[in-house]
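So you can see what is in the structure, the chains are spelled out below.
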Amino acid sequence: MNVALPAEARAIQHTHAGLVSRVAAASVDLAFVSVAVGGVVLARSVWRYFFGGSNVIELQWPSQLTLAALGGVVLCLYLTWGWARTGRTLGKRVLGLALTRITGERVGWPIAALRAISYVVFPLGLLWSGISTSNRSLQDLVFRTAVVYDWRGARRAGREARPA
Amino acid sequence: MAVQSLPEDQHAVRTVAAPQMRRPRGPVEPASPSETEEVADDGTPTQELSQLVEHAALIAVGVVVATVATSSEIAWRTLGRHRQRGARSDEAPLAAVVTGAAIGAAMEAATIGAWALRNGWAVARWGTWLFPSAVPGALVRRTAERWNERWEATSERSRGAAAAFARELVPEVIDATLDQVDLTALVEDRVDLDTVVASVDLDAVVAAIDLDRIVERLDVDAVARRIDLDAVVERLDVERVVRRIDVTAIAREVIDELDLLTLIRDSSESVTSEAVDDLRLGAVDADRAVARAIDRVLRRRSPRTLEPVPHDGLTP
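Residue numbers (my numbering), protein chains in the order written: chain A, 1 to 164; chain B, 1001 to 1316.
Hints listed in this document are in silico derivations from the structure and should not be mistaken for laboratory results. Accuracy of the hints is not assured; some may be wrong.
[Said to hold, decoys possible] To give an idea of the chain A side of the interface with chain B (calculated C-beta under 8 Å), a few residues: (1) P6; (2) A17; (3) V20; (4) A24.
[As the list claims (entries may be wrong)] Simulated coverage check for chain B against chain A, where a stretch passes if three residues somewhere in it have a Cβ under 8 Å from a Cβ of chain A: (5) 1277–1284; (6) 1291–1299.
These numbers come from a predicted model, not from an experiment. The beta carbon of each residue, even a glycine, is placed where N, CA and C say it ideally should be.
My request is simple: use the sequences and hints to build the entire structure.
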């Protein structure tokens, strides 16, 4: 069903998204990855309970460093997969955002991967979008990308991908 | 009627006499000499003649008397003097008695006439034998032939006049008769309508009907306007009709046609989309508020100019 855009939202489509929307989208992504990593931790504990001689099922990881490394790797893979494939992660899909190159083209896999790594290593670069007069983060400036409002992009892409 | 109450022997007389009263269709031809000679030679003309006279007399008198009796009966009825219901059943009506008496008298008269004819014929034969010149046979024949010629000359005109009279009389008689007859009741009593209808080939009748032509001549709109739909609806047993409807099957068919799953998905998607739009609008407002706050802190005088990024369909 093609739901028309609200009148107040039409003017901002494909413009650079602001800080709050981007942080909210990142928070959703982070929460999703956290749940995924928690699932991995839980699965490991359950495995150990049934097959490793453990007596309890608990959300514990042997090392905080390795857990952080696991979370960083999962986050990188998740962001890369979402940006390179559709320009959207789950958080961007919820907030109606999309990642594109500054020229409007879709971001390629290498750029998406490097951009994801940069966010995992230095997430504070996102805050520059609040200071920048063009709402661009440090990663956007480095990789010549842009995060724009695109509320109906996901639905349009989904319809086009669906066989007639 | 009085005629129906005649004794059995009188019915027999009428039945026997009827065939002998048939008149030939054509003009009466005079008997040929040979036929006359054959009838005279077998020696029984007087016997046949006497029988003919006897039957003719019986019929004539019977008809006259029966007509008189029937007329008197009808006259009595028209006067309102019907036979009382309590009368004795073995008491014959007066008309029947009169009729029987007349027939009996006619039989006696005919018997006497026949006896006189037979004896008169014998006397005539003896007279011819004794006085051959006293009975001029040729004169009798010539006279008969002259009368016959006169009859032939006037017969056609007479038949024409009779036919014209009959043409005028018969319709009047038929109309008067039909006015007194209830044909519907008569048909119901006398005609086996089931047998008549069964003998009709209805398929052939229907096949001969040009229904298309009839329908073309039919003003359906006029017929429809004359129908009182309110009265029809009032007479309609709606509950009975509804009970006969397989609502479950219809609902299943409608659901199949509607693709209800797609409808529910689109509907829920619409609701979800509205909620998400509200969330996004809130985030956009927050973006603007935060941007204004930061710009105020950074003492920026001009607002941010956010140029749209080209998409041209490349953006998913």
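Checked hints:
1. For P6 (chain A), the suggested interface contact is upheld, since its CB lies about 6 Å from the closest CB of chain B, less than 8 Å.
2. The interface hint given for A17 (chain A) holds, since its Cβ lies 7 Å from the closest Cβ of chain B, which is under the 8 Å cut-off.
3. Against a cut-off of 8 Å between C-beta atoms, the interface hint on V20 (chain A) holds, since the closest Cβ of chain B lies about 4 Å away.
4. Nearest Cβ of chain B to the Cβ of A24 (chain A): about 6 Å, under the 8 Å cut. The hint holds.
5. Coverage of the segment 1277–1284 of chain B by chain A holds in this model, with 6 residues showing a Cβ closer than 8 Å to a Cβ of that chain against a need of three.
6. Given as covered by chain A, the segment 1291–1299 of chain B passes the check, having 3 residues with a CB less than 8 Å from a CB of that chain where 3 are the minimum.
Consistency with the previously given hints is maintained throughout, with no hint failing.
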